[in-house]
Amino acid sequence: MLDIYAQNDGVKVHKWHHYLPLYDRYFSRYRDTPVRFLEIGVNNGGSLQMWRRYLGKDAVLCGIDINPDCAQYDGQSGMVRIGSQDDPAFLAAVVEEMGGVDVVLDDGSHRMPHIEASLRVLFPLLTTGGTYMIEDLHTAYYPRFGGGFDAPDNFYNTVRRMIDDMHMWYHNNKPAQLPQMKREISGVHVHDSIVVIDKAEAQRPTHSRVQK
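Reminder that position 95 of the sequence shown reads as 108 in our numbering, one-by-one numbering, no gaps.
The hints are simulated quantities; they were obtained by calculation from the structure and are not laboratory data. Ideal placement from N, C-alpha and C gives every residue a C-beta, glycine not left out.
Now the in silico label distances, taken between C-beta atoms and shown as ranges:
{"no.": "1", "residue 1": "Gln224", "residue 2": "His204", "range": "36 to 42 Å"}
{"no.": "2", "residue 1": "Pro101", "residue 2": "Thr219", "range": "34 to 40 Å"}
{"no.": "3", "residue 1": "Asn57", "residue 2": "Pro156", "range": "26 to 32 Å"}
{"no.": "4", "residue 1": "Arg222", "residue 2": "Arg44", "range": "39 to 45 Å"}
{"no.": "5", "residue 1": "Ser199", "residue 2": "Gly112", "range": "21 to 27 Å"}
{"no.": "6", "residue 1": "Val24", "residue 2": "Phe162", "range": "33 to 39 Å"}
{"no.": "7", "residue 1": "Tyr183", "residue 2": "Asp37", "range": "31 to 37 Å"}
{"no.": "8", "residue 1": "Pro34", "residue 2": "Gly69", "range": "15 to 21 Å"}
{"no.": "9", "residue 1": "Gly88", "residue 2": "Asp45", "range": "19 to 25 Å"}
Between the sequences and the hints, there should be enough to build the whole structure, so can you do that?
Shown next, in the form of structure tokens:
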């Protein structure tokens with residue numbers, strides 16, 4: 014990914030440098046496969062172009078954006094659809110058009126209510142074994158994005174609830190705090206400004222003792 018980013022000679026792409034190895038870490042297994050990849054946030058189309066080069070010709074790429082000007086990028090590196098990331102009907106229609114979704118990358122408005130709304134609609138639609146990444150989450154600490162260090166809507170409070178639900182076996186099987194996610198969280202990875210959620214059926218852990 015670093016080479017693709019550094020050698021970009023097409024449309025401008027703007028990324029934090031520490032994101033690039035994380036893309037490799039979580040998305041390299043999808044390269045040269047017919048992965049269905051949904052990116053929230055199109056901007057000038059540069060990111061979709063980067064993902065096409067990285068994922069390969071067989072990937073089904075779709076970007077969504079609320080800005081109607083982004084429609085001009087439809088068909089260049091992938092599909093582009095115009096609508097809001099907090100519109101459940103729009104999101105469901107896009108996923109249906111894609112034939113399902115294996116990866117979601119939320120690089121949209123970065124506003125707390127929009128991140129929550131997209132997650133609650135798209136995570137249940139994500140294929141089992143899929144990957145959900147949200148980036149630029151330093152905005153969770155910015156009041157103008159609906160966040161703040163002690164703000165109740167800071168997205169990292171939702172991350173804590175995910176972790177609690179993932180560990181449901183150890184706190185008396187209390188009701189899920191995020192029922193829309195149906196306790197299908199198998200991993201939550203927190204990096205600087207990025208959260209990655211693995212989707213898999215929750216199974217009660219087992220253990221044993223062995224000796225010679």
